[in-house]
Amino acid sequence: MSDNTTAQETVTPIKAAVMDQLPSAAIQGQSPLHHADLDSLAQQGPKTGGVHLREHKLLCHLTLRCNQGDEAQKAAVERVLGLALPLSPLTSVEKGDYSIRWLSPDEWLILAPGLEAFDIETKFRTEMPGHYSLVNSSGGSTVLELSGENAIDVLKRSVSVDLHASVFPIGKVVSTTFAKSTAILRRKGDHTFELIIRRSFADYIWLWLQDTSREFGLVIDA
Amino acid sequence: MYHIYCPHCAEYREEEEFHAAGQAHLPRPLDPDSCTDEEWGTYLFFRKNPRGIHHELWVHAAGCRKFFNMTRDTQTYEIKEVYKIGEKPSIVAES
Amino acid sequence: MTQKNRLQNGGRIDRSQSLTFSYNGKEYQGFKGDTLASAMLANGIDLVGRSFKYSRPRGIVAAGAEEPNAVLQLGATEATQVPNVRATQQELFNGLVSASTNGWPSVETDIMGMVGKLGGNLMPPGFYYKTFMFPQSLWENYETMIRKAAGLGRSPKKNDPDSYDHINHHCDVLIVGAGPAGLAAALTAARSGARVMIADEQNEFGGCLLSTKETLDGKPAAEWVASVVAELSAFENVILLPRSTVNGYHDHNFVTIHERCTDHLADIAPALQARQRMHKVRAKWVVLATGAHDRPLVYGNNDVPGCMVASAVSTYINRYGVVPGNELVLMTTNDYGYQAALDWHEAGRRVAAIVDTRTAANGSRAQAARAKGINIILGSAVIEVQGGKRVTGVSIAPISQDGNKVTGAIKALSADTVASTGGWSPVIHLSCHTGSRPIWNDEIVGFLPGKTLQKQLTAGGINGQYELAAALSEGFAAGQKALSELGLPAVELVLPKAKVAVQDAPMSLFHIPHIKPTSQAPKQFVDYQNDVTAAGIELACREGFESIEHVKRYTAMGFGTDQGKLGNINGMAVAAKILNKTIPETGTTIFRPNYTPITFGAVAGRHRGELFDPKRYSAMHQWHIKRGAKFEDVGQWKRPWYFPQGAESMQDALNRECLAVRNSVGILDASTLGKIDIQGKDAREFLGRVYTNAWAKLAVGKCRYGLMCGEDGMVFDDGVTACLGDQHFLMTTTTGGAARVLEWLEIYHQTEWPELEVYFNTVTDHWSTLTVTGPNSRKLLSELVDYDITNENFPYMDWKQITVAGVPARVFRISFTGELSFEINVQANYGMHVWEKLFEVGAKYSLTPYGTETMHILRAEKGFIIAGQDTDGSVHPHDLGMSWCVAAKKPFSFIGKRGMARQDCMREDRKQLVGLKTKDPKQVIPEGAQGVFDRTAQIPMPMVGHVTSSYWSENLGHSIAMGFVKGGLSKMGESVFYPLADGSVIEAEICSPIFLDPKGERQNV
Amino acid sequence: MQHYSGFGLLKHSFSHHENWQRTWRNPTPKKKYDVIIIGGGGHGLATAYYLAKEHGITNVAVIEKGYLGGGNTARNTTIVRSNYLWDEAAHLYEHAMKLWEGLSQDLNYNVMFSQRGVLNLGHTLQDMRDIERRVNANRLNGIDGEVLDPQQIKEIVPHMDCSQNTRYPVMGASWQPRGGVARHDAVAWGFARGADSYGVDLIQQTEVTDLIIEDGTITGVKTNRYGDIMADRVGSVVAGNSSVIAKMAGFELPLESHPLQALVSEPIKPILDTVVMSNHVHGYVSQSDKGDLVIGAGIDGYNGYGQRGSYQTIEHTVQAIVELFPIFSRVRMNRQWGGIVDTCPDACPIISKTPVKNLFFNCGWGTGGFKATPGSGNVFAASLAKGEMHPMAEPFSMFRFHNGALIDEHGAAGVAH
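Residue numbers (this note's numbering), protein chains in the order written: chain B, 1 to 222; chain U, 1 to 95; chain C, 1 to 1005; chain G, 1 to 417.
Chain B on its own, in the form it takes in the complex (with noise of 0.2 Å):
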């Protein structure tokens, strides 16, 4: 580290900090619905009911900025995830553990495991060419999954946007209001449907699903 900040003196300034954020396997991350304690509640809560919820936390989020005309860029970024970037407005590509989520013309959500932030990032800086921006925010939001019956009667009364099959296929993602808060939804299956939600206001979306599934029955899933 030292060695890296004397660097920063000498002549060739580094364009962009790249950082490996992660402590030891040793020290345990908390997620944004840690006090939650879903883990329990997943053992000792209900196991039926018209609505599921499962968080994947701490899995690594970037957001990507680039220029989606610049072929260069899009090679880059099929070489570095294996996944090409969708072009398309509100569509999402996604292989094993990898996903790419459009998010606006110059802006993509990439998702991975969580350990591999690091490596994903020092692998763009080597091979993405020209103007762009990468950005480490696993720590600032989390992966939510809804699924069950019921899991879009919660929906229809979080979000604004048409969720209609037809309207809303599998794969489709949008950036909308949930309830006072924001999030970005996509559809994963026919009653499956994943949101990525702030840290911060992870509190008051939990309450809220507690709240709008009551009625259908909540179970939450390890």
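Not one of these hints is a red herring.
Here are the simulated BS3-like cross-link-like pairs (lysine-lysine), alpha carbons at most 25 Å apart as the crow flies:
hint : chain 1 : residue 1 : chain 2 : residue 2
1    : G       : K290      : C       : K130
2    : C       : K681      : B       : K74
3    : U       : K80       : C       : K284
4    : G       : K269      : C       : K158
5    : G       : K290      : C       : K157
6    : B       : K15       : C       : K890
7    : C       : K516      : G       : K11
8    : C       : K148      : G       : K290
9    : C       : K837      : B       : K57
10   : C       : K148      : G       : K269
11   : U       : K80       : C       : K451
12   : C       : K157      : G       : K154
13   : U       : K48       : G       : K353
14   : C       : K523      : G       : K11
15   : B       : K47       : B       : K188
The hints are simulated quantities; they were obtained by calculation from the structure and are not laboratory data.
Here the structure of chain B is known, so what remains is to put chains U, C and G in place on it, guided by the hints.
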């Protein structure tokens, strides 16, 4: 409540995802220091505020975070068109 | 208690399910399927209330949303009280408790009734405006009386135990009204595969078909309804909403529907269920099939209980098996009216007469009445009724065919019920909500929906099509039209056959003449609920209130909870007559949401209590709670305000926290600060444009404080930005300003300077920020880091990437306290770990957690500003004495530069931020105190500026304050006086705002 | 003018109220007036009234495109207060307050001005600093007001939730006992009747379609019903439509017209005896003498002349009211509507000369118009009479937006009213 087509997300969304950001096509003077107080005050505060066809800036705040232009009738609330920053409106008030 | 008006059979009630309800403390029986109104009529209850102005006895007039009188108080407990429930729309349930709202001591024997009789004449419209003025001092007493008399029901005084729900929908076609037209439209659209919603305010679908004896394909109409409902229910893409009132039609085909989920079960909702639900629908097309309301005629004493609208009589007989009286006189201007008399006759009770205002009546229904031997009196009208708490008789007289005068002798008839109809009024309310003005139509003698920009279709009664066959085919046509507009395939639909009645033209008549002039005739009510009479409207016109909007506002016509559904058109007719205008010339009547009232709870939905607004938490929030922190709301964030120990007072806690930081070490959770990651080769240039100071030369590894102004030159945010890489910066903003600053950067980048290569992303939630500050902070931190953090190796205003407690961190050596400080930034998932580790090793330095209040005091001792507290959008950097932070020489004219150079911004005597030292060091000036130079000046005193920040400084042993003073920066050493509310005056000396360590040595060691 | 009194009512009751005089005439306009006022709302009618009463200028026409008092006067929530922060605004609104206090008697028309007090709630520490700052300024300006703690608030509004369990607990409030509400229509009608009695012509259902301007000086107006009507001076008092008139005159104003929505509950028995306003949770409520809860909040964010706004604004407002008064959850919302408010960048009005000689503007009242009605008309009348701005109007010149001498009342009026 408006139903607004976002030219970047390429679909209609509810008004709650957006907000208006004032009159469109108000470029910042290139050399502010050479503006008189009157010119600068006009740039800062004075607006067309028309009854009828109006061109205004909106932002898809809860969506793609992109600004875009809207041609809207401020009397009927009819949205005539949306178009990206840098583009010109195709519908303008006759006067 | 027997139900004396209940028929042995017939109706849609379930006689096997008897229900008990109470009205004004007395118990009654009704049946499942009853409304409260039908059950009251079945039990022979005539009196449902007293009118609010004249306190006249009132009975049930109608059978639906248009009812003006039967407005009752519901609720068995204090918490479940519901004011102003329309008995005609409330389904009966077992144990329902209801009461009338006006009348003292009781609705039966009402003292105010006497006042009404005597004083009524003293209360023409607008009488308030003409009196209660003298003496001025008594107005408050007058007003108290007026307020007591007004109002209908009462609000509960305990909190609502029920919950309310919201749900969003998108559909191809939304049909409003499930009568014949609506059902036909829905079936058409559904069969084509469209996404269909159909809502109806009643408890079951069918609309007028539920209260008619008409047949379809020779079978009872209800059978056709049942078959259609069954088919619709089978479609996956169809949503059926009974008990759901479309209350508002908004722009771009946004429609709100108020569903009463459990109001028919009990006055408190069953467990887990919402009492009511708002459906928020975005429909591609809307079909209004809202039907029409029967319009009563205006005649003398037409408010005596027993006076009803004609169609309501049929509804009570056919739908509820209730005949609301024994002896009926029907007054009509049209053929439809006859149906009430036919139904009455068929129910086996006496029809004293049908009084038809026309000189001839040969339509099918008239013939049917003749065939049954019913006495039909033509060319005449009921000019007045007799009776107090119930009609006892009527006066009938021949009238001229222009409807303006009585032309012959009066004949008296005995009767206990008078049904009247002046024809139908299409229910056009929803079509008006988005600003479309209705159009008068002479043929149907009513208003039709006007031109609209909405994707709206109309079918049936709303179009003035009152015959069943026509309504059905219009519904079908509307469905087909919607399908073709949507590009969906047309469908086949065989419409059931309905009998077609031969019709005579209706007579255009609203206000029945009397032998006396209107002003002297018995009261002829137009708007029952607001006690508006024909005489009152004529008076308003005579007084110059000629626009119908003026008439309505002067008389209050149409401002009741029924919004003039029965009265408005009659009122316009009365005004038109006296003004010698046509009805449309008096103006149109515009209806606004809501069609019928909806509860505030339903509108609020789940967004109440802890869900009213999000609470934002940092990663260490649970620790703060365990440590007993008191919290402060900053934007949506809950930030620790201070950490009291035991019974410690707030001031004691603050003193302890402040001393700890200055003498050893304290820690602040600064995670809520906005953080924006900025990357790109033009990032530096961009910073130079949005900050007032210079950024061109900031080296990698360094931090710098920046001020942000609007184009008007006024400060709106500030913060430290670090250079992470040559093309990579981390900007921090105030907690409250984070979102606004990010949008500020984006709007300039996207609209003004798109050529600059730079990207902005929020990382506020990604980083936890732990501020360790105080002389012992280095000692403490060095025990947890893998790096030499001596001043030489890690100087002030540098940042380093090192590990803290095993977690990789970016540590910034910046200080908001003036002490040696380290701001530790770690990925938020590890914030709690590092925070707890710091306390483990920090114990020996008695590491002290502190909150926002101590932070405020410490920074004030150093004279650091807080944007939003020491600024208010009207101060520029020079006002703050921060000219050092303005780089006027920058090549680019940064945002704010030109603004702060405007004439008024250059004034010498602007209010400027200075330090304030009270003459009595123990005195703390209250924040917000206003200063004056001349303490002896008379009120209004010339004020020179207010105190923005003021605290007791335990460290300094005296109070400290910052505030604005006119020309303050050039008045050092002079006095300002602060006259307080208690009459005392605090004197303070103008000084530098830097009270502690002016050279800034403590933070730099 | 026929005098109104309780005795008069009694007298007329014997003749069945058949002999009441017209409240105002319905005249055909003359060819020329000394002063034409465009806009027959409260402010325009008050201007005409005071022109005649205090300056003897009676050759005046008020030209109204709809009916008298049919704009924002008929659409606001009738709150009256004068506890503004900055001296200029405070003095103007207090001038209005003093006129309110004798208005019913002055007009011989009961405008039902009810000084039941106005509470401005604070929910955060910064709210409370701002409240202290404003109340102190008010006190030194001679305007009544004090800062109350939650216990004192509870005594005034027993049914409001002043507990600590709410999302944003009430920390305190400013209290102006002299504030209150008035019967909005009566204000317009009272001024109209008064002006008419001095001979002012009130021309309704007549729209000004253009201004007649000869080398930089206005000489009259064009109308849709009566052609050209000439005048020595013209005052524009058209609130939300000010930019439209300004366009006719060839200049722009620092104004944006926004929808401002309001709503009422069904009438209920007296439950709330004062006016409660909260900037932070964004809503305000009072109870009319008819029993309706009169409720409003912030403006819609976009420009709009449609006299209606967006549903989510209504939703947020009602949520705020239910948060403050959980007991109102089962009370029902009867009607909603919208006005067109012309907002200024500094939340203060424009009472000003214009680039066109003899053309004066009174506009930009935003959400603060109704409460200022008598004061606004009074100082505007004085300015029109003398051709020079009244000293109290001076600071509100439209040209302050050039030199930067703004009067920033956002702190005091962040939310409507």
